[in-house]
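**Q** Protein chains in written order, with this note's numbering: chain R, 53 to 291; chain S, 53 to 291.
Just so you know, these hints were derived from the structure itself, not from any lab.
One thing to keep in mind: the hints can contain errors.
Once the Cα atoms are required to be at most 20 Å apart in a straight line, the calculated EDC-like pairs of lysine to aspartate or glutamate come out as [said to hold, decoys possible]:
no. : chain 1 : residue 1 : chain 2 : residue 2
1   : R       : K109      : S       : D103
2   : S       : K109      : R       : D149
3   : R       : K160      : S       : D237
4   : R       : K109      : R       : D237
5   : S       : K160      : R       : D237
6   : S       : K109      : S       : E86
Okay, here's what each chain looks like letter by letter:
Protein chains: 2
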Amino acid sequence: MPNPTAAMLVIGDEILSGRTHDSNTHHLAGVLTEAGIDLREARVVSDDADDIIAAVKALSARYDHVFTSGGIGPTHDDITADAVAAAMGAPIGVREDARAILAAHYEKSGVELNAARLRMARIPEGARLIDNPVSAAPGFIIDNVHVMAGVPAIFKAMVASVVPGLTGGAPLLSRNIDVYRGEGDIAAPLSDLAARYPMLSFGSYPFQRGGAYCTNVVTRGQDAAALDAALAEMQEIFG
Amino acid sequence: MPNPTAAMLVIGDEILSGRTHDSNTHHLAGVLTEAGIDLREARVVSDDADDIIAAVKALSARYDHVFTSGGIGPTHDDITADAVAAAMGAPIGVREDARAILAAHYEKSGVELNAARLRMARIPEGARLIDNPVSAAPGFIIDNVHVMAGVPAIFKAMVASVVPGLTGGAPLLSRNIDVYRGEGDIAAPLSDLAARYPMLSFGSYPFQRGGAYCTNVVTRGQDAAALDAALAEMQEIFG
């Protein structure tokens, strides 16, 4: 059975303007690979409702799981929850369970749960909350869309609480070898190898060491025995 | 007149598997912002011809400029040139001008221009070459699609040679201020401010300092006088 598929949707002007470097996609990619869920696509869109709605609709229709990051804070540019609700055709309003979480958190820290903070309790009908152990304001899951915070520490915590609950396939395993030749020298034997192991994928990534052209060759797949056999051949051919 | 728009398309299994952290999008975002070209969307797809073709078609139809990175090397998984040619409906083959560049480069370094390396001279009909000062193998421009290398040093060099030739709008300028209050405390006055400066956009990004919740407030736009006025108000309100 093929692995479940997933897409990442990063939401935020700050990524597209170059202010902020997105690190959440890379983190999610590693976690999903270990969980046996294939991350097939990632997108970054701005804080624009139409753009978010279009991307959520396209990705949730195409992939088994969608993960979003960003835009669930208290300020006017945080429009992800409303846009996701619109994309999924769900009504949205302040939900009592989310409001109670925020009220308890802010009471403990002596901070007012004002109208702005209350926006973080806007959760689509039918969604399940995702725990936020850092700053309380929850994410949520509606259908196959997981809506999470953009702040990396919170995103990581939410990924850690969500991904173990998903049914993964066989983890994507990999083996790799550094070859002290340029990509162009190993392309033909590598292509032969790829043809002989159709259940694996092969990638080659050039780098330089001491001024010499080198290549990191990676093979990926779910079949550990095939990977080990391919690695032995790679060592034989390129070693 | 509104600024020209752009999209970035990163191509490569190694990004989606978590092996490699994409840094090219962040670099391009900064360069385009300075050039007055609005980066509206970024996507990452795998080394799959159908996925690349679909993304190139969608993005080149929607935005003024598309920039791709990755998949133009000599190995079997480097399929970007052929996929972009298919997306744009252009024939593709080894082109003499590109072959000559590779031949000169490899002759100088005493390396054979073998069949694998010759794949890097596959350029769609009608495309203009993009110079590669690092390792010779050129990128190319076909219609509004700029096809560039994934290796960050080469990607940067290609961006530097391509972007100055594009007609930009007014650069996107920004002003920012660190506020020693949480986002929830400044959301209401910030929303008022945004309403009074409709020509600017306002974003807020939480961070912690010494255990206290703080917010970096950024305003962006093309009108320097309006930005300065908004910054003065921000200092007055939040300072």
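**Q** Tell me, in ascending order, the numbers of any earlier hints that this structure violates.
**A** Going through the list in order, the structure violates hints 2, 4, 6 and respects the others.
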